[in-house]
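Visitor: For reference, the chains in residue letters:
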Amino acid sequence: MMKIAVVVFPGSNCDVDLYEALHTVCHVDVEYVSHRATSLDGFDAVMLPGGFSYGDYMRSGAIARFTNIMPAVVKMAHAGKPVFGTCNGFQILTEAGLLPGALKHNNGQKFVCKTVPLEVVNNQTLFTSEYQVHERINLPIAHADGCYVASQQTLDQLEDHHQVVFRYADENPNGSLRNIAGITNEQGNVLGMMPHPERAVEAILGNTDGLRLFKSLLFNGTVKA
Amino acid sequence: MEQAMTPEEIKEQKPYLDWSLTEKEYNYIADQLLGRLPNFTETGLFSAMWSEHCSYKKSKPVLRLFPNKNARVLQGPGEGAGVVDIDDGQAVVFKAESHNHPTTVEPYQGAATGVGGILRDIFSMGARPIASLDSLHFGELDDPQMRMKVADTVKGIGDYGNCMGIPTVAGETTFDPCYQGNILCNAMSVGLMDQKDIQKGKAAGIGNAVMYVGAKTGRDGIHGATFASADFSDENATQRSAVQVGDPFMEKLLMEACLELIHNHADWLVGIQDMGAAGIVSSSAEMASEGKSGMELNLDLVPQRETGMSAYEIMLSESQERMLLCVNKGHEEDVKKIFDKYDLDAVTIGRITEGHDYVLHHDGQEVCHIPVASLTDDVLEEASEEQKPARLQKAQDEPAWQPTIDNPAKTLRQLLQRPTIASDEVLTQQYDTQVRTSTVAGPGSDAGIIRIRGYHKGLAMTTDGNGRFVYLDPEIGGQMAVTEAMTNIIASGAEPLAITDCLNYGDPNDPEIFWELHHSIQGMADACRIFDTPVISGNVSLYNENNGNAIYPTPMVGMVGLIKNLDHVIPSFATHAGDAVYLIGKTGDDYAGSELQKMLNGDLSGTLPALDLQAIHEYCQKLHQQMVAGNVTAAHDISEGGLGVALAEMLFQGETGMQLDLRSLTAAQLFSETAGRLVVTVPADARETFENEMGPDAQYIGQVTNTHWLELHLQNAEMNENLTDLKKLYKEALPCQLKSKD
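Top line first, the protein sequences correspond to chains A and B. Following our numbering, the numbering of the first sequence begins with 1 at its first residue and continues without gaps. Following our numbering, the numbering of the second sequence begins with 1 at its first residue and continues without gaps.
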């Protein structure tokens, strides 16, 4: 059985949502870890939640990457263990250099909260093996800084190495280049995405399309362990 | 600011008149309460604490008309927020607050700090905020400045609530010329708590510490409470120093720290209160008054972010994200450690003292020494003159306005594009509606619905205010506001629990406006009694005028309901083809104050028919029983735009349509706004039971079909409209009207 850490930064606010998705819905062993902690020893995976760490001051995720916990997150990523960031978590992962590119202010200049269709581009990852390739799913987004940008070269590399995992289908809600909604690192163990799979795991809330992301991770994590 | 004024100079030059303290009040304070002339700082404290915003001196006599108790009410008005029992040892805490004046002057910060203030009221009670709502009333969108104000107000609400991680799940937005110079921005917050955690704003126990926690004090918002208690005019159009600046990140930290303290160390705490209007003075004086204590504060210890602040400025600053605690002696360091973890200031600024005096020191001098009660309890209540508005008498003598509708499809298309009716998704999409992953129904539904984790129950919540009806008939309009909130709660499958309110009116010194206040409260109170929904908290916002033009009297009702079993949540959308459609409640020729009247006439006129509140209550109760029995698949309340708009809205979510026999109605009645009506759908196999139980209160009007068309057969007209086309008009109207044309 995996043990998963959910990091809480000052200003995180989807920490509870990730915790509940893992604990209550997936029945996984999960613990909150403070940004002040310096170790993630004993955890099999770490997740960075959405929210407004440090009030998004300076730049989304720019201050959180300097917190005490981040060296431990980097260590986990380098050790090949699963590292997942959604929304502000994705922004922190790019700021920390664990994922290429950056998230800019939405091209519509406004915060946008709605459910959007996505295409699963790569199902050969720790996080997406329970989906079909090219499957269309619907996940909620809720962000002001979700426009993914990178150099042409980086974008080409991402495509070549199958690092683009989710793409916005039908409409691009934030101006992300090549409709990118989620990417992994080259090794495939670090996933960052703007949509919120943890908000789509219960029928009572109207959407369960995010559940298989966690199921994929648990299945792959357990098989590997 | 004339810091050096002596008490004698104050008496002579009367600077307090600019702070909204009257000469009569000043003399009463000097002669009766103090027996001496108040000094500069004291005069400032009195003017803030005796403002309408803090003291309710004008509205108190009429607020007493509201019922505020029933078996479920654990805390009524008087504390930060009201508290209602929702079983299982849990309670729901809620309150609404207006931030009209700041939002009019500086829409972004005004709206943002409105949200911040109401959230502090909730978590100071010991509850975690779980949802926010709003009620926004703007001027017309052909004014480019108003379009900017709408954008800024919505961004202010979104930026604050989104950063706090509290979903904004419901609200209303209306547009009328009367709000052109005075926007209404009312924010409501709903919190959840265990009953054992209820806190009070109380300071007691000689020697106990008065601790200041949260953000530092600056010069922002000085005299905000007084500002909210005076009219707008062109001369004081830029009172920017009276508007506060918000920092939601700071508030998020403050909330987590306060909730950690309350939930884990309640024994260290005597009381806790938000520093809202009139900042330190109102929170400390009210807490001392509640605890019947004396209090001594040293203002040099107050964390400050600006230098050279006077005692007057420190006491009256409305800097945001601050709280005042009364902590048991010996636990000051323990409390400080908790706030240290969140990088927040926590400083002991004073002690509870013997006696009943309120004493302040600053720069080595005693700057205030007055009885606590003189600030809080001795405020002169003002008997206000009132007089029935002349326009009401005139309306009774005029014949009722009767619209002629030849082409109901065309009228429906026009109504769906009215900004007050059209989809406000372009605005609500800027709010995080799902954070905390408990939102069962968000914006676009009759009520927002939040499930309660660990239980199979939920809360339904709505805000409703329609100044147009209150303007035409304050008493019936007041009844209608509560009735609309109630039908929204019923439509979502919930049992109504209680209400909060924001009472937004013009200058109460005008006898006609005071009459409106009095009679609309009477109407609301009547409805609250019959529906058993007591008023557990609320807020009064008077002086909503610009250059002498008052807004429509606009009481906003925020109602919360309990869904005991989440299986009984009823959607607002009809998606099952084959279901039967019923109209609940009788439809009359009620066009006075309707959107139809405004659209066709450009002006409102007429009288409102009396409401049979008892009958409405009874059939809504019966309908609720049918919902619990599983005999209802969808429900939607009928409000602006009447039955026609309600039917279209019910069909915008899916692929279904309706084929309805409405030959009992004229084409005009399709848009009548008779209060207390709903449309519901019922599965074919439940029809017999449903009809037997509902009797003549439910009228069968047709079927949900599997074509996306709305086909209506009226007495004098037919219509068959493609719902995809109608939805396009409904969705695109507001984005289009908000776009700058010049």
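Calculated from the structure, these hints are not laboratory results. Take these hints with a grain of salt, some might be off.
Quick look at which bits of chain A chain B covers, simulated, 3 or more residues with Cβ under 8 Å [what the hints assert, rightly or not]: (1) 15–28; (2) 51–64; (3) 80–93; (4) 169–178.
Here are the in silico distance ranges between beta carbons for each label pair [as the list claims (entries may be wrong)]: (5) Ala-79(A) / Lys-341(B): 27 to 37 Å; (6) Ala-37(A) / Gly-330(B): 44 to 54 Å; (7) Lys-24(B) / Lys-114(A): 49 to 59 Å; (8) Lys-410(B) / Glu-171(A): 53 to 63 Å; (9) Val-245(B) / Ser-39(A): 31 to 41 Å; (10) Asp-160(A) / Val-628(B): 31 to 41 Å; (11) Asp-300(B) / Glu-186(A): 51 to 61 Å.
Calculated pairs, DSSO-like style, for lysine-lysine (alpha carbon to alpha carbon, straight line, at most 27 Å) [to be verified]: (12) Lys-410(B) / Lys-728(B); (13) Lys-110(A) / Lys-14(B); (14) Lys-104(A) / Lys-739(B); (15) Lys-457(B) / Lys-3(A); (16) Lys-114(A) / Lys-14(B); (17) Lys-155(B) / Lys-104(A); (18) Lys-155(B) / Lys-110(A); (19) Lys-114(A) / Lys-410(B); (20) Lys-14(B) / Lys-69(B); (21) Lys-110(A) / Lys-739(B); (22) Lys-110(A) / Lys-727(B); (23) Lys-731(B) / Lys-75(A); (24) Lys-114(A) / Lys-727(B); (25) Lys-114(A) / Lys-394(B); (26) Lys-114(A) / Lys-728(B); (27) Lys-731(B) / Lys-114(A); (28) Lys-110(A) / Lys-58(B).
Glycine residues also receive a C-beta, built at the ideal position from the N, C-alpha and C atoms.
Visitor: Confirm or reject each hint.
Guide: Results for each hint:
1. 15–28: The restraint on the stretch 15–28 of chain A holds, since 5 of its residues have a Cβ under 8 Å from chain B and three suffice.
2. 51–64: With 6 residues in contact (Cβ-Cβ under 8 Å with chain B), the coverage given for the stretch 51–64 of chain A holds.
3. 80–93: That given contact is violated, which follows from only 0 residues of the stretch 80–93 of chain A lying within Cβ reach (below 8 Å) of chain B.
4. 169–178: violated (count 0)
5. Ala-79(A) / Lys-341(B): 27 to 37 Å: Since Ala-79(A) and Lys-341(B) have Cβ atoms about 30 Å apart, the given range 27 to 37 Å holds.
6. Ala-37(A) / Gly-330(B): 44 to 54 Å: This hint is violated: roughly 31 Å between Cβ atoms.
7. Lys-24(B) / Lys-114(A): 49 to 59 Å: Because 56 Å falls inside the window, the suggested range holds.
8. Lys-410(B) / Glu-171(A): 53 to 63 Å: 31 Å, violated
9. Val-245(B) / Ser-39(A): 31 to 41 Å: 39 Å, holds
10. Asp-160(A) / Val-628(B): 31 to 41 Å: 58 Å, violated
11. Asp-300(B) / Glu-186(A): 51 to 61 Å: Distance hint for Asp-300(B), Glu-186(A) holds at roughly 59 Å.
12. Lys-410(B) / Lys-728(B): Measuring from Cα to Cα gives roughly 15 Å; hence the hint holds.
13. Lys-110(A) / Lys-14(B): 48 Å, violated
14. Lys-104(A) / Lys-739(B): 24 Å, holds
15. Lys-457(B) / Lys-3(A): 30 Å, violated
16. Lys-114(A) / Lys-14(B): Violated, at roughly 55 Å.
17. Lys-155(B) / Lys-104(A): 18 Å, holds
18. Lys-155(B) / Lys-110(A): 8 Å, holds
19. Lys-114(A) / Lys-410(B): Answer violated: Lys-114(A) to Lys-410(B) is near 31 Å, above 27 Å.
20. Lys-14(B) / Lys-69(B): 43 Å, violated
21. Lys-110(A) / Lys-739(B): 14 Å, holds
22. Lys-110(A) / Lys-727(B): Holds. Lys-110(A) to Lys-727(B) sits at ~23 Å (cutoff 27 Å).
23. Lys-731(B) / Lys-75(A): 49 Å, violated
24. Lys-114(A) / Lys-727(B): 18 Å, holds
25. Lys-114(A) / Lys-394(B): 49 Å, violated
26. Lys-114(A) / Lys-728(B): 18 Å, holds
27. Lys-731(B) / Lys-114(A): 15 Å, holds
28. Lys-110(A) / Lys-58(B): This hinted pair is violated, its Cα atoms lying about 42 Å apart.
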